[in-house]
Amino acid sequence: MPDASSDADGDDAASGAAPSITLPDEALDALLSAVDALDPGDELELGAGGPRLSVGDGGFAVATGDERHAGLDEDELREVASEHAAAVADWYFLDSVAGDHPPRRAFLRWLEYADETEVGERYAALADGVVREWGQLAITVARDDRGERTYEVRNAEEADAPVDDLKRYDDPLDARRLVKFDDDGRYRPLKTAPTLPTGWVFADLGPREAYEAVETIYPATIENWHREREGELDVSHWRETMERQTGIYGVIQTWDRDEGHEHVDWVAEACCADSQCLKRREWEYDEETDLDVDGGDGVFPCREPCSVVVSAARQWTKLEGEQSHTYEIELTPSEVEQIEAIVDAVAEGRTDDIREADVYEGANRYRARFLRAKLFGDRDPFRPVDAPAEDE
Amino acid sequence: MQALVIVAHGSHLNPDSSAPTHDHADTVRAVGGFDEVAVGFWKEEPSLREVLRTVESEEVYVVPLFISEGYFTEEVIPRELRLGGWDPADWESDGLSADSATYVAEDTGQTVHYCGPVGTHEAMTDVIVRRAESVTGDPDVGDGFGLAVVGHGTERNENSAKAIEYHADRVREMDRFDEVRALYMDEDPEVDDLTDFFDADDVVLVPLFIADGYHTQEDIPEDVGLCEDHTEGWDVPELVDDTRVWYAGAVGTEPLMADVVLERAVDAGADVGDALAAVQESTRVATGD
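Chains V and B, in that order, are what the protein sequence lines are.
Read the first sequence against this note's numbering and you will find it ends at 392, with the numbers running on by one and no gaps.
Read the second sequence against this note's numbering and you will find it ends at 1289, with the numbers running on by one and no gaps.
Only chain V is shown next, with the shape it has when bound in the complex (with noise of 0.2 Å):
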């Protein structure tokens, strides 16, 4: 956890002692509830390794390693509860407070390292700010000295950026008009495509809020890292994939002919390697086999096929559906080179960033038009030379 150790909280930190925290009413008050909801013989613990409470026939327990105190009425366990506010503090907020959806719960843990640092040691760091990324975002989470969290929403490209040089937001569904668009203007149809805009920041979300964001942007994304978590992640791969497709998709079917994955090695590497798409692809060929590119690093994994490669996969079945032939064609070696250069180009979305008068890149436009000027100007340079069937 960074900043862990930092003299985040002063001398509670420095000490290492529990930080301060002022136990706000209503998290004593759900506590009692809670315990008092307990069936005999459960317990309720305040986080790992935290005091558990109990309530039975002489009231109220708790326990904390081997000690236990035992028929304890409503202002003592208030009291015994006062002492371990930071403990008090945190199971109010990432129980009561986030609401009992379990993916929602376990997101707002791992934003702050819930599960693998004790609640000390954490507190002192939320004071400054944890901050984790989410694809290309980057959420901060910052607690009061009432424990209670604040959420903030970014682009994590802007990390450093003062919240005032952003467009504030505060309502989570503007998210949506905010991704539709990249910097460049144009539609991204692809939620999880790393091409997302910049400029604008959530600074001030509470938890609830901070997970719709979240999940606006990244739709579905925390419930299949959930899923994954559990080990319930329902991966659906290529083969079942495709084959459950009907109408104008169903013809991709015809693309799997038994003769091995390579067409669905290149469609994932094309459309699925984390330069296109920042989900980590889990589904592979079949059950059996995988495929030989490398899924990405995605912290939330891809469980099927999209539909943007659903789409694409019609496109080339229909393509690759075509004969090859032998064709010839007079080059230089740096034309060859070129356009190497140019179909890398492309392929990269480099297009953009090669200068007007960079005539030294074979992708360069000048360069590309001088080829097309030379090989294409009234002719079709590429003959075939196994004449093709008068089919065509």
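The hints are simulated quantities; they were obtained by calculation from the structure and are not laboratory data.
Ideal placement from N, C-alpha and C gives every residue a C-beta, glycine not left out.
Treat the hints with care, as some may be off.
What the hints assert, rightly or not - Computed cross-link-like contacts, EDC-like style, restricted to lysine to aspartate or glutamate with a CA-CA straight-line distance of at most 20 Å:
1) V:K180 x B:D1212
2) B:K1162 x B:E1075
3) V:K180 x B:D1016
4) V:K180 x B:D1026
5) V:K180 x V:E157
6) V:K180 x B:D1023
Stated by the list, open to error - Each pair of labels, with its calculated beta carbon distance range:
7) B:H1022 x V:G199: 19 to 25 Å
8) B:H1022 x V:S275: 24 to 30 Å
9) V:D145 x B:D1023: 38 to 44 Å
10) V:Q315 x B:E1179: 43 to 49 Å
11) B:D1094 x V:D204: 52 to 58 Å
12) V:R52 x B:E1075: 52 to 58 Å
13) B:F1197 x V:V163: 56 to 62 Å
14) B:E1056 x V:D184: 32 to 38 Å
15) B:E1075 x V:A270: 49 to 55 Å
16) B:D1107 x V:Y187: 27 to 33 Å
17) V:D353 x B:F1197: 51 to 57 Å
Stated by the list, open to error - Here are some chain B residues pointing at chain V (derived, C-beta under 10 Å):
18) H1012
19) P1015
20) A1025
21) F1041
22) W1042
23) K1043
24) R1049
25) V1051
26) T1054
27) E1075
Fit chain B to the given chain V structure using the hints.
The following block gives chain B in isolation, referenced to the frame of chain V:
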């Protein structure tokens, strides 16, 4: 908890395609009635495959933002939502009368009330009329006006034409407009000959489409003669052969569509309190005074 999930087509190419879906979801959110309101798309995200897991509710009302019953409502949506045991016969529909049927989603275990498409609900007729009011800016429009409801023909889906005729008939029965016609893009009576079908000097043209896109912003305007080329744009009204044509654009963009979405869910058993009345009030055309 109960959730409303609006499902629609969406687009990889047209950024406006999903706009009406989001707008109507916002309208329903604003009036309450559901603990959660979510949207899912065939071509956008959240996908139909994953939209159900984005809501916490155990009880989910799914309303397709589609014009007619057919391939998407009967095959694609139930399959992608993983509605266990789905059978189109459960709707007992004649092509216009699908209301709802209830299933368990196989991946989430949620109870899903799968509703018929908005386009065939009787309340959709009111949206068409409201669209005419919006485009003319006249809450009482009708007298001296013709109304054309336009859609695909039967080429792609026979139920598409049924929906057009159904609403045209219902508007005609209101006896509000001088003339009402159902016209089609790919069969007779064709929208290309719009002005031949009306005596009225003013005709409101309402395309029965969910979102503005290629058909409503390029095809129909050019076919009708509102413009030579869609890039030139057109006026509202635009004079075509001495007839003033009030081109309304996709009916699905009309705010009152949110009412039809709610009606579908209510018909399926959703308890939305007074949300219906609130939506009808909040989407009303201003009278200007």
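Hints, verified against the model:
no. : hint                         : verdict
1   : V:K180 x B:D1212             : holds (17 Å)
2   : B:K1162 x B:E1075            : holds (19 Å)
3   : V:K180 x B:D1016             : holds (10 Å)
4   : V:K180 x B:D1026             : holds (17 Å)
5   : V:K180 x V:E157              : holds (18 Å)
6   : V:K180 x B:D1023             : holds (15 Å)
7   : B:H1022 x V:G199: 19 to 25 Å : holds (21 Å)
8   : B:H1022 x V:S275: 24 to 30 Å : holds (29 Å)
9   : V:D145 x B:D1023: 38 to 44 Å : holds (41 Å)
10  : V:Q315 x B:E1179: 43 to 49 Å : holds (45 Å)
11  : B:D1094 x V:D204: 52 to 58 Å : holds (54 Å)
12  : V:R52 x B:E1075: 52 to 58 Å  : holds (53 Å)
13  : B:F1197 x V:V163: 56 to 62 Å : holds (60 Å)
14  : B:E1056 x V:D184: 32 to 38 Å : holds (36 Å)
15  : B:E1075 x V:A270: 49 to 55 Å : violated (28 Å)
16  : B:D1107 x V:Y187: 27 to 33 Å : holds (29 Å)
17  : V:D353 x B:F1197: 51 to 57 Å : holds (55 Å)
18  : H1012                        : holds (4 Å)
19  : P1015                        : holds (4 Å)
20  : A1025                        : holds (9 Å)
21  : F1041                        : holds (8 Å)
22  : W1042                        : holds (7 Å)
23  : K1043                        : holds (5 Å)
24  : R1049                        : holds (7 Å)
25  : V1051                        : holds (8 Å)
26  : T1054                        : holds (5 Å)
27  : E1075                        : holds (6 Å)
Of the numbered hints given earlier, the model fails hint 15 alone.
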